[in-house]
Amino acid sequence: MTAHDWQLTEALYERLMMITFMNSSDSEEEACNERTSLISAESPPAASYQDGLQAPEAAETQTYRKRHTGGSCSPSDADSGNSDSGLPVRDIAVDNKEEEELTLKYGAKHVIMLFVPVTLCMIVVVATIKSVRFYTEKNGQFEVLKTYNVAMDYPTLFFVIWNFGAVGMICIHWKGPLHLQQAYLIMISALMALVFIKYLPEWSAWVILGAISIYDLIAVLCPRGPLRMLVETAQERNEPIFPALIYSSAMVWTVGMAKPDSASRDLTQQTWDSAEDMREINDNPAYVESEISEARSPAPTHPTTSLIEELEEEERGVKLGLGDFIFYSVLVGKAAATASGDWNTTLACFVAILIGLCLTLLLLAVFKKALPALPISITFGLVFYFSTDNLVRPFMDTLASHQLYI
Amino acid sequence: MTAAVFIGCSLIAFGPALALCVCTIAAEPLRLVFLIAGGFFWLVSLLLSSLVWFIAVQIGGSNSASVQKNLLIFGVVFSVLLQEVFRFAYYKLLKKANKGLTTISQEETIPISVRQLSYVSGLGFGIMSGIFSLVNILTDSLGPGTVGIYGDSPQYFVASAFMTLAIVLLHIFWGIVFFDACEKKKWWALALVILSHLLVSGLTFLNPQYEGSLVPSYIIMMLMGTWAFFTAGGSLRNLKLCLMCRDKDFLLANQRPR
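Protein chains in written order, with my numbering: chain A, 1 to 406; chain B, 407 to 664.
If you're looking for bench data, these hints aren't it; they were derived computationally from the structure. Note that the structure is predicted; figures quoted are calculated from it, not measured. Every residue, glycine too, gets a C-beta built ideally from N, C-alpha and C. Take these hints with a grain of salt, some might be off.
[To be verified] A few chain B residues facing chain A, derived, Cβ under 7 Å:
no., residue
1, T430
2, L436
3, F446
4, S456
5, S539
[Unchecked claim] Partial list, derived from the structure: chain A residues whose beta carbon lies under 8 Å from chain B:
no., residue
6, I112
7, W343
8, L347
9, A348
10, L354
11, I355
12, L391
13, V392
14, Q403
15, L404
Put together the whole structure using the sequences plus the hints.
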């Protein structure tokens with residue numbers, strides 16, 4: 001292992017495995033910094049959703065309030081994300097219905113914003129495992145270049161690796177395009193996962209996966225848990241958490257809204273955007289046969305403040321710790337490397353992890369504080385790995401040999 | 407063999423499903439989430455039915471071919487029934503989620519209707535089912551080998567691909583009809599869906615006589631397709647308007663001029 005790998009390992013043992021909602025601040029000026037800092041590599045300050053802090057809660061309720069004033073906001077926030085269980089009917093003002101749909105829409109969008117990088121990381125890991133024999137052999141020399149029959153000399157290699165490292169350092173720790181930063185984080189996570197898959201013994205990997213999920217649960221949820229204290233301290237001090245350890249899926253915002261007079265141009269654009277969103281929601285007919293419902297009027301007479309709040313709402317992204325990426329990829333990579341069920345097992349673990357992530361995000365929308373991302377996904381993943389490998393594989397093999405379909 | 411067969415078979419089996427995903431599902435994150443959740447439900451049903459089959463095989467004990475065959479038939483039937491049970495469970499879950507949303511929003515405009523959910527869940531079930539049936543066969547087709555060297559049919563791969571295509575589309579149609587039957591409490595329709603699923607699975611026992619299994623499966627698929635079309639609100643008039651690009655509702659929804 002190179003020195004770079006060791007540094008990563010050390011950093012990773014201190015990393016955070018959690019998800020936080022990143023909310024924009026309530027004031028206009030900070031919203032401006034928010035946008036510029038979205039392009040820079042540092043993660044913007046995350047407002048805390050915990051009960052102890054009052055000011056961020058006020059900001060949260062303000063951003064959730066849409067066109068109408070009044071109405072209960074905090075309970076609606078708790079209800080908004082919870083689409084899975086039957087909710088008790090509450091007296092919620094009419095103005096919250098749009099928030100509901102928008103929040104659910106944002107909820108699904110956030111889920112997809114996390115599915116995509118997690119899927120990409122897993123694809124990189126699985127593709128490397130399937131194509132490079134190094135990772136499944138017990139001992140072996142580094143033969144990626146041999147596998148692809150690429151001629152490489154040392155100066156070129158040095159040049160490429162130096163540039164890769166330098167650009168990575170710049171765009172993660174300083175400023176850089178968001179997508180480049182995300183790409184680097186995904187690549188680093190994939191490399192780390194490959195290291196774990198190669199060098200951890202067979203059963204150690206499974207036990208470590210299980211143990212670290214339990215540790216994650218304890219460290220993030222217990223009041224004295226180290227990760228929880230880390231997140232709280234960072235939020236209290238309004239400092240970003242170490243940027244190399246968190247993947248941020250924030251949407252890039254390039255239209256500046258610093259001054260109110262320049263907002264007028266953006267207002268119309270934003271109204272049109274939100275009208276688009278509204279129309280999309282109303283597009284789908286209810287179950288009872290009826291004609292397509294009329295598109296909701298965009299209500300052009302918005303007060304400026306509420307539209308700014310709309311814009312702030314759109315900036316919300318989700319953050320996922322890199323450790324989560326790594327351990328998800330380790331699980332799927334090991335399924336690809338060692339399972340005799342081959343692709344069935346890999347795909348089953350993949351779907352299980354995605355569904356676990358979806359459930360975790362749902363809980364996040366309900367509880368609105370930092371949550372461990374590992375336990376649910378890893379539990380599903382482990383259950384599906386062992387059951388698919390031992391139960392489903394013989395069944396499907398027998399079916400396939402007789403060409404039966406179920 | 408190798409790349410031609412691999413690409414051909416995978417596109418035969420998954421081409422329509424992929425096209426449907428790209429055109430209808432990829433744009434809406436909510437539908438994508440429900441698609442993957444549908445696939446997950448199918449996976450859980452497969453897991454449980456494999457567990458039952460595995461236990462039955464362990465208990466059965468003897469290695470005689472007829473006993474294994476009978477256990478396999480039992481496994482297939484149980485798996486089909488369990489898939490339909492899980493389809494019903496998914497329906498219940500989606501209804502609860504929709505009900506929760508509707509009570510909160512106090513309006514009829516929910517982000518996704520039950521009909522769309524039926525389509526999405528059927529597609530999810532179909533894609534997972536197709537993947538699990540075909541993906542190992544596809545990876546085998548990528549490598550060297552000769553098909554049918556021990557007397558099996560040389561059309562193994564192509565027939566498998568076409569069968570998978572039929573199953574994927576059938577799951578979509580079954581999903582639409584199933585959810586509609588549950589909504590309107592038409593239990594006969596429900597029973598028909600389950601029976602047709604059992605029939606299609608049973609027909610595959612006639613493989614490798616593909617005339618006996620593929621052709622009837624495709625006929626059943628077209629019948630189910632027309633049934634699902636009319637269930638989903640289609641009619642000959644709608645179809646004509648859509649094909650002639652004069653369907654106002656559709657055009658309005660996509661904001662194109664008439």
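Do the hints match the structure? See the list:
The restraint placing T430(B) at the interface with chain A is violated, with a minimum CB-CB distance near 12 Å, outside the 7 Å limit. At its closest, the beta carbon of L436(B) sits 4 Å from a beta carbon of chain A; the interface hint therefore holds under the 7 Å criterion. For F446(B), the suggested interface contact is upheld, since its CB lies about 5 Å from the closest CB of chain A, less than 7 Å. For S456(B), the interface hint holds, the least distance from its beta-carbon to any beta-carbon of chain A being 4 Å, beneath 7 Å.
Restraint check, S539(B) versus chain A: the minimum CB separation of about 6 Å is within 7 Å; hint holds. Nearest Cβ of chain B to the Cβ of I112(A): about 4 Å, under the 8 Å cut. The hint holds. Contact between W343(A) and chain B, as hinted, is supported at the beta carbon level, the nearest pair being about 5 Å apart and thus within 8 Å. Interface restraint check: L347(A) against chain B, minimum CB-CB distance 6 Å, threshold 8 Å, status holds.
Below 8 Å, beta-carbon pairs count as interface contacts, and A348(A) has one with chain B at about 6 Å; its hint therefore holds. At a threshold of 8 Å, the smallest CB-CB gap from L354(A) to chain B is about 6 Å, leaving the interface hint in force. With a cut of 8 Å, the hint placing I355(A) at the interface with chain B holds, because the nearest CB-to-CB distance is about 5 Å. The interface hint given for L391(A) holds, since its Cβ lies 4 Å from the closest Cβ of chain B, which is under the 8 Å cut-off.
Evaluation of the V392(A) hint against chain B yields a held restraint, the C-beta minimum of about 4 Å falling below 8 Å. The interface hint given for Q403(A) is met, as the beta carbon of that residue sits about 4 Å from the closest beta carbon of chain B, less than 8 Å. Taken as an interface hint, L404(A) checks out: its beta carbon lies about 5 Å from the nearest beta carbon of chain B, inside 8 Å.
Against the hints set out earlier in the document, a violation occurs for number 1 only.
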